[in-house]
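S.K.: Respectively, the protein sequence lines represent chains A and B. Quick note on UniProt numbering: the first sequence kicks off at 1 and runs consecutively. Quick note on UniProt numbering: the second sequence kicks off at 1 and runs consecutively.
Note that these hints are calculated values from the structure, not bench results. Be a bit skeptical, because a hint or two may be false.
Said to hold, decoys possible - Listed below are several chain B residues computed to face chain A (Cβ distance under 7 Å; list not exhaustive):
1) R186
2) M189
3) R223
4) M236
5) G264
6) W266
7) R268
8) A271
9) V282
Said to hold, decoys possible - Computed spacing ranges between beta-carbons, pair by pair:
10) B:G80 x A:P61: 27 to 35 Å
11) A:P61 x B:A327: 30 to 38 Å
12) A:E242 x B:R223: 26 to 34 Å
13) A:H301 x B:L321: 23 to 31 Å
What the hints assert, rightly or not - Lysine-lysine pairs mimicking DSBU-like chemistry, simulated, CA-CA at most 35 Å apart:
14) B:K205 x A:K185
15) A:K185 x B:K185
16) B:K205 x B:K114
17) A:K205 x A:K114
18) A:K205 x A:K185
19) B:K185 x A:K205
20) B:K185 x B:K114
21) A:K185 x A:K114
22) B:K205 x B:K185
We put the beta carbon where it would ideally sit given N, CA and C, even for glycine.
Protein chains: 2
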Amino acid sequence: MTPEELARSVARGERRALARAITLVESRRADHGAQGAALLDALARESGGRQAIRIGLSGTPGVGKSTFIESFGLMLTAQGLRVAVLAVDPSSARTGGSILGDKTRMERLSRDPKAFIRPSPSQTHLGGVARRTREAVALCEGAGFDVVLIETVGVGQSETVVAELSDVFLLLLAPAGGDELQGVKRGIMEVADLIVVNKADGDLKPAAQRTRADYAGALRLLRRRPQDPEGFPKAMTVSALEGGGIDTVWSEIGALVAWRRENGHWDRRRADQARHWFLEDVRQGLLAELDAPANRDLLEHMARDVAAGRVAPAAAAQELLTRLERASAPGAELSGAARV
Amino acid sequence: MTPEELARSVARGERRALARAITLVESRRADHGAQGAALLDALARESGGRQAIRIGLSGTPGVGKSTFIESFGLMLTAQGLRVAVLAVDPSSARTGGSILGDKTRMERLSRDPKAFIRPSPSQTHLGGVARRTREAVALCEGAGFDVVLIETVGVGQSETVVAELSDVFLLLLAPAGGDELQGVKRGIMEVADLIVVNKADGDLKPAAQRTRADYAGALRLLRRRPQDPEGFPKAMTVSALEGGGIDTVWSEIGALVAWRRENGHWDRRRADQARHWFLEDVRQGLLAELDAPANRDLLEHMARDVAAGRVAPAAAAQELLTRLERASAPGAELSGAARV
């Protein structure tokens, strides 16, 4: 099957074609890279203009992320919407298990014909995760999904990556008892549109409501972002287990999306994100010079000297740059002479 | 005067030599760049191992930053400590006035022989500000100052830069009345060690105490960082005008510094920062290729196409990188042939 044929199958919404397409863009083989680019290019022509609502979702293990996604996803498919679930999990190999590797955690959603769940790819550096997730999101959009959920456990910089891929960002929390620390990563407050306190059921309900009030208070202390209508970011409670509040999460997302669309923020965010990823790819391309094994060793060696105070940062950087230039420009002497 | 002679004068603590040295490292002239490097190198030999406590300070206009610095600085000089005040203000040209351009705002401190106040350099891109401020900090340390205060209005990414230059970071706030929004930039919660609510005097005292309590509550919701002892980051009130609480700020900084020194966090942070600036300088050096006018135009042109959706980010990035490679390697054909 050519990339063009695969693109047509994806655009028709064929699940197996989509799975195969994602495997192709996740591959590290050089020939697969070219095929993946051709596939994305063909898909853009086949399904240009199709847009899903991309929802980023972050939450530490134990907050009930899988239960929430299952409950939220089933509510959407019951409304006739098609839902894709992707995961960004740079730590999956390290922690010994992908958050989505076991589809049995979302057993009902994974059997739903209107849902598509894709386990996270194996561990790699975050730059690689970002590119592949972006391409998987584009494939799901091209396949006509109405909602793409992009899940992350929030290790390292991953929620920043997911935020740059999402239209709306949700932070899922568990109720905290009394003075217990929630341990929210600080950077998350930058990107969250909705703070959703889960497990608002049974004994935990009062604690969930208190936690919600705490975060609502904290959010009021932060500066309002231009892309936020009155009242956003918002803190709310849900019970993923019993389904309480799940529909409100969706209606709040709907209100936020409608406002951003009307006020030009939706298109601007998508445009800014495209621009961001372009610049990021260019930067990564230029910085890739440092990834060559010999250069990486040299960099690490010099970084140790700098950290130990044996040489000043600026002087070390200058020396490294000079060495890289010499190593990478075999015609350098020639062109230097030509300039004189 | 040679850079070596200037370094010796700086190391002896001569104020005029220090001012001249900072002017040298702030200069953009190429020959000054080499002299500045020689100066820093010589100073490191003259005064190696001298360490000030570097305190980053951020706060929006109107919170009483100048009054706080004057009051805090005079308390320190009264204890016999030498204090330098530097400013990072990438917006100074835009807003029409440097936060420290007018020394009359800290009239008493600027006349104090134990204090050294340096207005912020004229506007430039943040990367340049970072390097020059780093070098100015190094000069003040080499000149034997006990405390170096690095002030920023927190425009753009400037508090991230200041945090990477500081041992301790203070956020100064004004009391908020009732539901009034403080508008704290979200990223600041990442880096603050002390949140100091100013103007806890007269009518505003109850509001200041309430604001302090609000932030103390918000801080409890965030994850504890490894470099923080029990109880940090901490929220507190001061009256810069009447001097109330200023000594407590200093004793809290002392407790924090002592704990971090004992637990290895002080040295580790300095080492991490040196490493960070080395890597940052290397990256900036590699990315400088994009600053050439022709490349910048091309980048901007392609970024517009990407933002408008006319081309995919990855494809555009690939094309740009290929063009840069061709343009920057006059010996490329030759070396390509040699490799075959």
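S.K.: Let me make sure I understand: some of the numbered hints might not hold for this structure. Which ones are they, in numerical order?
M.R.: Hint check: 4, 5, 6, 7, 10 and 11 fail, others pass.
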